[in-house]
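Chains A and B, in that order, give the protein sequences.
Residue numbers in the first sequence follow the working numbering, run continuously in steps of one, and reach 1017 at the last position.
Residue numbers in the second sequence follow the working numbering, run continuously in steps of one, and reach 164 at the last position.
Be aware that one or more of the hints could be misleading.
As the list claims (entries may be wrong) - Some chain B residues judged to face chain A by a derived CB distance under 7 Å, without partners named:
| hint | residue |
| --- | --- |
| 1 | Ala9 |
| 2 | His12 |
| 3 | Lys15 |
| 4 | Arg16 |
| 5 | Gln78 |
| 6 | Leu79 |
| 7 | Gln85 |
| 8 | Ile87 |
What the hints assert, rightly or not - Straight-line Cα separation of at most 30 Å, DSBU-like style, residue types lysine-lysine; simulated pairs:
| hint | chain 1 | residue 1 | chain 2 | residue 2 |
| --- | --- | --- | --- | --- |
| 9 | A | Lys150 | A | Lys107 |
| 10 | B | Lys8 | A | Lys669 |
| 11 | A | Lys305 | B | Lys15 |
| 12 | A | Lys156 | B | Lys8 |
| 13 | A | Lys260 | B | Lys81 |
| 14 | A | Lys235 | A | Lys285 |
| 15 | A | Lys260 | A | Lys150 |
In short, the hints are calculated from the structure, not lab data.
Built from N, CA and C at the ideal position, the CB exists for glycine as well.
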Amino acid sequence: MMNDQYPKSTIRMNDKDFPFSEGQSILEIAESQDYYLPHVCYHNALGPIQSCDTCLVEVNGELVRSCSTKARPGDVINSVSERAKAAQLEAMQRLLKNHELYCTVCDNNNGNCTLHNTAEYLQVEHQKYEFQPKPYPPDTTHPFYRYEPDQCILCGRCVEACQDLQVNETLTIDWSMEHPRVLWDGGAPIDQSSCVSCGHCVTVCPCNALMEKTMLGEAGYLTDIPNDMLLPMIDLTKAVEPGYQEIFAISEVEAAMRTSRIKRTKTVCTYCGVGCSFEVWTKGRKILKIEPQAEAPVNSISTCVKGKFGWDFVNSEERLTHPLIRKGDRFVEATWDEALDLIASKLGEIKQKYGPDSIGVIASSKCSNEENYIAQKFARAVIGTNNVDNCSRYCQSPATAGLMRTVGIGGDAGTIHDIASAGLVIVVGANPAESHPVLATRVKRAHKLRDQKLIVFDLRRHELGERADLYIHPTPGTDLIWMSAVTKYIIDQGWHDQAFLRDRVNGWEEYVASLERYTLDYAAERTGIAREQLIQIAAMIHEADGTCILWAMGVTQHMGGTDTSTAIANLLLVTGNFGRPNAGAYPLRGHNNVQGACDFGTMPAWMPGYEAVQDEKVRAKYERAWGVKLPEQPGLNNHQMVEAITKGKLKAMYLFGEEMALVDSNSNHVEHSFEQLEFFVVQDLFFTRTAQYADVVLPAAPSLEKDGTFTNTERRVQRFYQALQPLGDSKPDWEILQLVANRMGAAWNYRHPSELMAEAASLAPIFAGVTYERLEGWQSLLWPVAADGSDTPLLYKERFAFPDGKARLFPVEWTQPFHPGEEYDLHLNNGRLLEHFHEGNMTYRSEGLTHKVPREWLEVSTELAKERGLESGSLVRLTSPYGHVKVRVEVTDTVQGKELYLTMNTRDPEAAINRLTSSYHDKITHTPNYKEMSVKMEVLEDKGPKPLPTWNHRFGHRTPQIGVRVEEKWKRDDYIPISQVIDGGDTHGKGHHTH
Amino acid sequence: MAKAITHIEKRVPNAEEEQAQAIQEILTAAAANKEALLILIDVVNQLHQAGLLEMAQGFLTNRHKIGLIGLHQLNKSGAQRIIKNGMGAVQFLSRLDPAKLETLLGAVATGVDEASEAKEEHTHLGMMGLFKSMRDPEVQTSLGVMMNFLRGMGKGLRA
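Chain B extracted, bound-state conformation (with noise of 0.2 Å):
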C-alpha cells in the first residue's frame, strides 16, 4: 500500500562538501598541467611587480564607463578624422608595391646624404650652376622621376 507523496528530502551536499569536490578538480586539473602554470604564475608575477596588474584590473572593473569615455572621444569629428586618415593611410601604403617602393625610397635616402653635404659646404648656386647642375646624368634621371610622378598624379586628380 503506497500512498501518494510529494514530499521529497533532498540530499543537499553541504558546503563543505561541495567545495571540497571543487579543490579536488583543481587539484586534477593543476597536477595535469603543472609546467604551464608554473611559467603562468611567473608571468603574473612579473605583470604584479611591474604594476600592470592593478591597471589592469582598474580598467577591467571600470570597463563600462571607460569604454563610453574612449567612444566619445573618439566619435568627435577630429578623432574620426584620424581615424580614418590613419585606416586611408594605411589603405595607401596597401596599393603600393613595395619593391618599386623600396628603390625610390632608398634614392631618397641617397638624396637626402648628398643634400646634407651640400648644406655643410654652402656653397651657393648661381642661375649658371643651375642649369649646369641640369646636366648632370644623375639630376636628369631624378628631373625624369619627378615629371613621371607629376604625369601619374594629374591622371588620378582628373580621374
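For reference, chain A alone in the conformation it holds in the complex (with noise of 0.2 Å):
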C-alpha cells in the first residue's frame, strides 16, 4: 500500500526510514544500524537460527520473524505494537519455562546476559508457565565446561556453532524426546564425546546453561554460596517475588558491581599463528575466562581448546620468579643486578676475547615485534653482530624463500577471508584441524556449507583429509613432483591463464622447458598418485574460482623445502592465482608470532621489513638512527650457530622464548654443543630443558603481563594489553633485553613497547603508517602499511614485489629425500597436535589439557600392528641412526602401512622425536629435515596401559546435521505457533518467512 511511497532501498520500521542492501534480514538490518530489536538465539556470527520466537514482528501487517525475513523495499515494520509486543513476550515465556531466573546470584550475571537482558527489555513481570525442571542432571564431566539442563532455554545456539561454525559436529538436540535437552555425541557424557573443548558453544550460550568452570562460584558475589543455603533462597525468592522487574533492578545492581573486580583486557593469543584475538576476564590474578568477541578480526566468536581454556601456564607453581645463576652443580636464585652484572661482564670479556661474531642471539616467535625488534637492535648494535635468528628456521623459512624468489613477499597473499571464500583449497604436508584449528574451520564451514571444493595431501588421513572431496597420501617427499606434473597438464591444456602470465609474470620460456620431465606417467610412478586424479586435480584447479593453497611442515621441513614451495608459487601463477581475492598462496605460520619475529628483523640476513643487511644504503639508515657502526655480512642462523659452537668458533649465546634442546632436529648434537659453549643466557618463561645448560636463567613475563603486537599468519599486527602484573620478580623480555644492553653501555631509555614500534615504522618502510592509535582495541594492520595507515589485506593486487612489479616463475628441481638405509624399514613422521602446544611447556601446566591427553603417542597403521603384533598401548623402542626413543602405540587407521607418527608434545627426552631426526637441511634455508627420517621398531612390551585416555576427542563419534533442524521443533505437537496464540487460529510463523 505504501510501497511506492519510499524509496526502493529503505525499509519503514516503527516510523523511521532505514536503508539496506539487498539480502539483508530486518534484523541484521536494525542491527546494523544500532537499532534494538529483541531476540535470543540469533547470533550476528551464527545467523538466524529460528527457534525462540522473541524477533517476531510485524511486516506489513503479519507477524513474521524478523531473524530470517529478508527485507524488501518499502517493507513496513512494526516492532513495538500492542500484537507484536505480545507476541515477543509469549515466546520469551516459553523459554522461562525452560530457565529460572536467580540472576544475582548467577555467574553469567554480568551484564551481556542476552536472556536476562532480553526479558527485562519486554518487562516480564511474572511466569505465564511454571518453570519446570528437566529430569536430567547437570553434565560436570568435562574438565572445562559444564551443561546444566535445567536453565538451558533450547535455543540451538550452542548447536549451531558446533554443527555450522565450528564444524565438529557433536552437538544436536532431539527434538523428538519428551523432554528435549542438547546432546553430545547422540547422548554421551560430555568428557567421554568427541568434542574438542574448542568452547564455540560455551561462548555463544545465550544464558548460564553452558559454563565455563573457571566461572563458576567465582564471577559474582553471592555465586558461591553452598547449594544447600542457595536453593531455599532461590524458593523464598520465588515464593514471595513482586514481579520480575524489581529482581532484574537487583541483579544489575550485582551485575554492576561486578565490573569493578572483574577486568576485562583484549589480547592475542600466545599460541599457533592464525591470530585469534579475545577477551580475558580476570579477578585479581585469576583468570575468569576467555570471552571471545565478534569484532575480532581473524577469528570473531571462534577459538579453539588452547585459546580458550589453555591459560594455566600463566599462574603456574614453576613459573621462574627469580633470576637464576650457575653455581658449581646447581643455580642460585639472584637478584637482578648480581644476574645482569654477570651476563654484561662476560658477554663483554667473550667480545673482546674472540670479537662479536662469537656471540649469538635466539629470539623468541613467541615474544612480541616490539621484543624481537630490541633483540635484533640488541645483538646488531650492542654486540655488533648479524648471528640473530629465531624459531621460523625450524619451520617456515623455505616457505618465505619460495615465496620471495617467486612474488616477491614471504607471507599470505590474502586473508582467512580468501580461504573462506576460495572456490578450492588446496591443503599440503599441514594438518590445520589440530594446527590451526580456527582458520581449518572456516574451510569446514565453507565445505560444509558452501561447497568449496577441498583436496588434501598428506600421509595421513586427519580431519580434514576425512572430510576433503579428494584425499591423496602420495609417496613421501614427492610433492614437487605431482605439483609441477599437475601445473604442465595445466599448460599442455591450454589451461593457463594467458594474460595474466602475459602482463605479469616473467620468465615463461625457461619455465616450460624445465617441467618437460614432468610428464603424469613420471609423476604417477615416482608419488604414488593415478593419472587419472593428477587430471583430476588438473581440473579441480582449473574449473574453481579462486585456489588457495595452504601448506606447512610437511612441505618446508624436507631437503627441497624451499624448492616445494616454490613449485607451489609457480602453480598459483600459471593459473592466475594470484593477486585477485579467494585465492593465493598461504603458508600457515605455526607460532602465534614466528611471522612477526622474521617481519622485525631476527634474522642473520636481513633487517627488519625485509631489507638485507647486505645493503649499504640500509645500513647507513640504520647506523644514523642508531648511532653505531653495523656489521656488514649475514650472520649465522640457527643452524650454523650449533655448528659453530661445536667447531670452537661460537662461544656464547643469548637465546629467549625458544626450547631449542627439544625443537632443533638431532637434538642429542645440539645438546652437546650447548654444553661446549662458554656462556649462556637462557630468558624463560619456565626451567626448560634448554635452561639446564645455561649460565644464567632469567625470569621472563608472557604476554597476558605486558603490552605489545604480534603478527599472525596473515601478516595482520594486532595489539595485545596488560591484563596481569608479572609474576613474582619476573619481567617483560623487552625490559630485559634493554637491561642488558644498557649495562653493556647502550643507554636506551624505552618507557613503553609503542615507542620501539615507532621506532621500526620510522626505519622500515613496509611498517610505515604502524602506530599503537591505529592498532587501538579490534583494530588491525596488515602489512605492508604506508605512512597514511593504509594496508594491504591482498596482495599483488597491481604489483608484485620486485623492481619491475612482475613475478617470477623460477624453474626447480626435485631433491631426493634423506634415507638413513635399508635397516631402517619405518617411516617416521611427526607433529603437532591439537591439545598441546609443541613440547607442551605451556599446555602441560593446564590440568585440564594433561586430562585430555597426558602424553605423546606413536601411531601405528592396523596393518603393520598386525604384522608386527602390536595393539594400542605396546611400548616399542625406535632407532634412527641419530638416536632412539621409547614410545607406547596408537593402533588407527590414520596412518598406513609402513608409516608412523610420533607426535611431538613431550618434555620427556625419552619419547622426543628430535632424538630420531638427523642435521641434515633443506639446501637453501637450513631448516632440518624432520619429515626425513626412517627408524626400525623393536617391541618392548606386547601390552600396556594405551597412551590416549578413552575420554579423548579421537575417540568420539560425531553426529552431523546442518544447524539445530528447528523444523523438528516446529513438528512437535506441544508447539503452537505464537501468531495462532495471539491472533487465534492463523498459522503465519511456521517456518514459512519470505514473502
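Each of the two chains sits in its own frame; use the hints to bring them together as a complex.
Have a look at this one:
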C-alpha cells in the first residue's frame, strides 16, 4: 500500500526509515544500524536459528521472525505494536518455562546475558508457564565446562556453532525426546564425546546453561553460596517475588558491582599463527575466562581448546620468578643486579676476547614484534653481530624463501576471509584442524555449507583429509613432482591464464622448458598418485573460482623444502591465482608471532621489514638512527650457530623464549653443543630443558603480563594489552633486553613497547604507517602499511614485489629425500596435535589439557600392528642412526602401511622425536629435514596402558547435521505457532519466512 | 663446559624476612592513612564496649548455620506471607500520590481530634441529631469524599 512512497532501498520500521542492502534480514538491518530489536537465539556470527521467536515483528501487518525475514523495499515494520509485543512476550514466556531466573546469584550475570537483557526489555513481570526442571542432572564431566539442562532454553545456538561454525558436529538437540536437551554424540557424557573443547558452545550460550568451570562460584558476589543455602534462597525469592522487574533491578546492581572487580582485557592468543584475539577476564590474578567477541578481525567468536581454556601456565607454580645463576652443580637464585652484572661482564669479556661474531642471539617467535625488534638491535648495535635468528628457521623459512623468489613477499597472499571464500582449497602437508584449528573451521564451514571444494595431500588421513572431496596420499617427499606435473598438464591443456602470464609474469619459456620431464606417467610412478587423479586435480584447479593453497611443515621440513614451496607459487602463478581475492599462497605460520619475529628482523640476513643487511644504504639508515657502526655481512642462522659452537667459533649465546634443546633436530647433537658454550643466557617463563645448560636463567613474563603486538600468518599486526602484573620478579622480555643492553653501555630509554614500534615504523618502509593508535582495541593492520595508515589485506593486486612489478616463474628440481638405509624400514613422520602446543612447556601446566592428552603417542597402522603383533598400549623402541626413543603405540587407520607418526608433545627426552631426526637440511634455508627419517622398531612390551585415555575426542562419534533442525521442533505436538496464540487460528510463522 | 643441571637452590626468604616485609608494608599504609585509622580505632573501641563486636563475631563465625535457620524460618508460608504483604504494602504506598495522601491524612488527623473531643462530651446523638449533622457542610464534604472513595474501590474490584 505504501510501498511506492519510499525509495527502493529503505524500509520503514517503527516510523523511522532504514536504508539496507539486498539480502539483509530485518534484524540484520536493525543491528547494523544500532537499533535494538529483541532476540535471543539469533547471533550475528551464527545467523538466524529461528528457535526462540522473541524477534517476531509485524511486517506489513503480518507477524514474522525478523531474524529470517529478508527485507523488501518499502516494507513497513512494527516491532512495538501491541500485537508484536504480545508475540515477543509470549515467546519469552515459553523460554522461561525452561529457565529459572536467579540472576543475582548467577555467574553469568555480567551485563552481557542475552536472556536476562531480553527478558528485561520485554518487561516480563511474572512467569506465565511454570518453570519445569528437566529430568536430567547437570553434566560436569568435562574439565573445562559444564552443561545444566535445567537452565537450558533450547535455543540451539550451541548446536549451530558446533555443527556449522566450528564444524565439529558433536552437539544436537533431539526434538523427538519428551524433554529435549542438548546432546553430545547423541547422548554421551561430554568428556567421553567427540567434543574438541573449542568452547564455541559456551561462548554463544545466551544464558548460564553452558558455563566455563573457571567462572562458577567466582564471577558473582553471591554465587559461591553452597547449594543447601542457595536452593532455599531461590525458593524464597520465587515465593515472595513481587515481579521480575524488581529482581532485574537488583541483579543489575550486582552486575554493575562486578565490573570493578572483573577486569576485561583485549589480548591476542599466544599459541598458533592464526592470530585469534579475544577478551580475557581476570579477577586479581585469577583468569576467569576467555570471552571472544564478534569484532575480532580474524576469529570473530571462534577459538580452539588452547586459546579458550589453555591459560593455566600463566599462574603456574613452576613459573620462574627470580634470576638463577649457575654455581657449580646447581642454580642459585639471584637478584637482577647480580644476574645483569654477570651477563654484561661475561658477554663483554667474550666479545673483547673473540670478537662480536663469537656471540649469537636466538630470538623468540612467542615474543612480541617489539621484543624481536629490540633483540635484533641488541645483537647488531650492542654486541655488533648479525648472528641473530628465530625459530622460523625450524619451520617456515623455506616457505618464505620460495615466495620471495617468485612473488617477492614471504607472507600469506590474503586473509582468512579469502581462504573462506575460495572456490578450491588445497592443503599440502599440513593438519590445520589440529595445528591451526580456527583457520580450519573456516575451511570446514565453507566446505559444508557453501560446497567449497577441498583437496588434501597428506601422509595421514587427518580430519580435513576425511572431509576432503579428494584425499591423496603421496609417496613421502614427492610433492614437488605432482605439483610440477599438474602444472605441466594445465599448460598442455591450454588452461593456464595467458593474459595474466603475459602481463604480470617473467620467465615463462625457461620455466615451461624445466617442466618437460614432469609427465603424468613420471609423476604417477614417483608419487604413487594415479594419472586420473592428477588430471582430476588439474581440472578442479581449472574449474575453481579462486584456488588457495595452504601448506606447512609437511612441505617445508625437507631437504627440498624451499623448492617445493617455489613449485606451489609457480602453480598458482600459471593459473592466475595471485593478486585476486579468494586465491593465493598461504604458508600456515606455526607460532603466534613467527611472522612478526621475521618481519622485525631477528634474521641473520635481514634488517626489519626484509631489507638486506648487505645493502649499504639500508645499513647507513640504521647506523644514522642508532649511532653505531653495523656489521656488514649476514650472520649465522640457528643451524649454523650450533655448528659454530661445535667448531669452537661461537662461544656465547643469548636465547629467549625458545626450547631449542628439544625442538631443534638431532637434539643429542644440539645438547652436546650447548655443553661447549663458554657462556649461555636463557630467558624463559619456565625452567626448560634448554635452561638446564644455561649459566644464567632470567625469568620472563608472558603476553598477559605485558603490552605489545603480534603479527599473525596473514601479516596482520594486532595489539595485546597487559592484564596482569608480572609474576614475582619476572619482567617482560623487552625490559630485560633493555636492561642487559644498558649494562653493556647502550643507554636506551624505551618506556613502553609503543616507542619501539614507532622506531621500527620510522625505519622499515613496510611498517611506515603502523602506530599503536591505529591498532587500538580490535583494529589491526596488514603490512605493507603506507605512511597514511592504509594497509594491504590482499597482496599483488597491482604489482608483485620486484623492481619491475612482475612475478618470476622459478624453475626447480626435485631433491631425493634423505633415507638412512635399508635396515631402517619404517618411515617416521611427526607433528603437532590439538591439545598441546609443541613440546608442551605451556600446555602441560593445564590440568584439563593434560587430562585430555597426558603424553605423546606413536600412531601405527592397523596393517603394521597386525604384522608386528602390536596393539594400542604396546611399548616400542624406535631407532634411527641418530638416537632412539621409547614410546607407546596407538593403532589407527589415520596412518597407513609402514608409515609411523610420532606426536611431538613431550618434555621427556626419552620420547622426543628429535632424538631421531638428523642434521640434514634444506639447501637454501638450512631448515632441518624433520620429515625425512626412517627408523627400525623393536617391541619392548606387547601390552600396556594406552597412551591416550578413552576420554579423548579422537574416540568420539560425531553426529553431523545442518544446524539445530528447528523444523523438527515446529513439528512437535506441543508447538503452537505464536501467531496462532496471539491472533487465534492464524498459522503464520511456522517455517514460512520469505513473503 | 656446562653440563645440564636441574638442581635449583631457592633463596627462600625465611619467615622473619617475610614478616618484616609485611609489617613494613602495613606501617607504610598506616602512616599514610593516620587520621582515618585513628577514627576507626575509636569506633571499634566503642563497638567493643557496647558488646556489639562480640555479637558480630558470633554471628559471622556461625553465619552458615544462622543463614540456614533464617532461611528455614523465612520459607515457612506465614513468613513468606509477611514478606510478600510487606512488599505489597510498600508497592501500595508507592502508588499513592504523596500530596493527595497528605491532604487526606491531614483531614483524618483533624477528624480524630474532633472525634476524641466529642467523646469527652459524652453527648448522645439521636436520629434527629444525625440528620441534623448531615446538613453540616463539613460532614457533607467528608461523606462526599467517602462516596468517591467507594466508587473508585468498586471500579478496582470490578476490573
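Problem set entry | Broken hints, by number | Numbers 5, 8 and 12 - these are the hints that the structure violates, sorted from lowest upward.
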